[in-house]
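Asks: What follows is the residue order along each chain.
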Amino acid sequence: MGDEAKNSSTTTEDVPQLNQDELIMAQQRQIEKEISESIPLVGELESILLLEHEYSNDTVYQEKVRNLSLKYSSIRRTRPDGNCFFRAFSFAYIERLLDKKEEFKAFYQKAEKSKDVLVELGFQQFTVEDFYDTYLDVLKRVGDIENTEEAKAELYTLFNDQGYSDYMVVYLRLLTSGQLQKEKDFYSCFIEGHRTVEDFCHQEVEPMYKESDHIHIIAACAALGTGVRVIYMDRGTGKAVTEHDLPEGCIPSVHLLYRPGHYDILYPV
Amino acid sequence: MSLEMKYNLKSPGVKRLMREACELAEPTEEYHACPLEDNLFEWHFTVKGPPSTEFEGGYYHGRILLPSQYPMQPPNIILLTPNGRFEVNKKICLSISGHHPESWQPSWSIRTALLALIAFMPIPSSGTIGSLDYTAEERQILARKSVHWECSNCGKIANKLSTVKIPELTQEESNFIKQIALKAEEDVNRKEVSNEELNDNLMDLQDTVQQRSASNGTYTELQTSTVDPKDSELLNQNGIWNAVVGILISAIVLLILRRVFFL
Ligand SMILES: [Zn+2]
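Chains as they are written, first to last, in UniProt numbering: chain H, 1 to 269; chain Y, 1 to 263.
Just so you know, these hints were derived from the structure itself, not from any lab.
Keep in mind that the hints are not guaranteed to be accurate.
Some chain Y residues near chain H, calculated using beta-carbon distances under 8 Å [as the list claims (entries may be wrong)]: (1) 12; (2) 19; (3) 104; (4) 105.
The structure displayed is predicted, hence computed values, not measured ones.
Just so you know, even glycine gets a beta-carbon here, dropped at the ideal spot from N, CA and C.
Next comes chain Y alone, as it looks inside the complex:
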């Protein structure tokens, strides 16, 4: 079935993806991406390793997963070709450096995401989730190997790019590409945290909170005349922290219950 038949063409999100597919139809020197034949919301891409870096000469292939709310929500990128910079088969997403994924802007596009990926590759990984810090030599070896890498869906990736130069970036574009950061999708990982881990975390939290309440005295004004002021201070603090912990625990327990019963 053709894409045109399968999707509601009136939906702005679908129209947008069709447009992007047109815009990116022609392979360029730096990147190429197109939707899978049977799924407009999954694309495969190939990017060329940035010149004058340890990725020079490499070809990197991967998947782009578009959320149903695209472009209101950011695409996820999954690299498939071993590269020494990002783990393969792991979702990475785009945001403005140092901000939450909500800082994705709907006026960015798949092209933006690919340019950001290319620009971001040589930046040191500094140990963030989903990042690898292979040596330059190891990365160069992977870059050379990547020329022969094949995707089971798309075939040999080194043939996917052309010699067409990409249109020059606007000032605005190059500005925001500099600002974009790619991170492993931490929130998703967190949601997959097992109940046990969750409980452990919670115990730690409770300990910390209790230590804090015992060691700091910011609630000194909470005193009553009938009880020894010192006791009441401690009592009030514990009361407040217990309430806080209680609320947190019940929120988390609710979430766990919901997960168990409804998913």
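Chain H on its own, in the form it takes in the complex:
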């Protein structure tokens, strides 16, 4: 599960000549990259009904969008670059906290202490500090703005500045990796193949543009101390969309729409 653009490149894998296979994949990646970069990192708030236009020839999806609109009024799209879960989740969570000054304060205090755990786990202090400083800087800049709407506008600006936005993604990836490693006994049984939790973190969590699976979401939620509701929308049978709360039984603070390969942010009615 992750960004569709990346998954599709596996379909040519049984062409015998490796070079040609890789040649085509490299070109395909380039095309996908260019398409992806034309989409904003975090988009404007849009009416959920606009989704219907996307599926003007598809009655199955249209039905599902109408179903979705009973619970959600708006959607905010994110760039499908493999970082969409981390970007969507951190944006949506901070945005929500801005409505509740007390919770935001508690979150900020927790964030201030988050670096030491990572350094204890053996992450290079020097680079962890680099990401940590920018992470706190962003939180401080939006937290210091009295007016909630202005604070949200600043958050939107920062999340569309590639430098800041990617730094937020990296730090959340590090926190997620830290969470997985801290509780590796618990998480190791969810990891497929013969990889250790550390290997999994180095290969699937810490690098940029790596797509997110359930295990990323659960660990990211645990790291920030919150929960997410993921709404799944695919061509499956039934008119309804399926919901999934991660971790199970949580009171979700962030709602995400998952369509095969990609996460966008949803706003309840």
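Following the hints, position chain Y with the ligand against chain H.
Replies: Structure of chain Y with the ligand alone, referenced to chain H:
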């Protein structure tokens, strides 16, 4: 113009490089690197050949090219001093062994890259692009010669290192340095493939695909009642493969056209 004036200090990438420049300002026994005076995104480095190897006693100098998206994307290393392990003047990049360059991690740094380079030098090249497999004797001769090697920008490189011991590596650091591989930047080479080569490759591909479609029969369920089943099977297979080849060809032609008209 000073570096501080030239770059947007608010940009996290620039801040990061300034930080790394501070961290690496003091030369050590094993490595030294600093940005060029007029370009924060190009550095020159010197590393010492790892002891108890055929590179012992050697000094190796090179360039580090930082992409504009650093540290989200990996730095490229170019060795300038002949060493018998890596071709000189050729971009090499870092990734986790056996993975794509995307496996670079933003929490790695220029220091990581240099440590990985030192650790990677004695590992057999096994014929990968950009690698050289000179004999141990040839490498030793190059190591001795390297003491006198000079960079037109930095001067005599043997003077660039100090006697300062490097800080001990953390467990995490030594773990990932073991995992890192250095490879010639293949994707870039591929993009530079001429149109002719591209067409040749494509013809080969088409041949292979057709051979495959003729020899394997995985689409047996694709049959219609009006046509002889055997014919239709072949027909369907060819149809599918032709479509696949058609799509691939058009994608590549588009890329070529774009290259011709827009670059
Ligand atoms: Zn130099």
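Asks: All the hints need checking, so say for each whether the structure fits it.
Replies: Structure-based check of each hint:
no., hint, in the structure
1, 12, "4 Å, holds"
2, 19, "6 Å, holds"
3, 104, "7 Å, holds"
4, 105, "5 Å, holds"
Every hint from the earlier list agrees with this structure, and none is contradicted.
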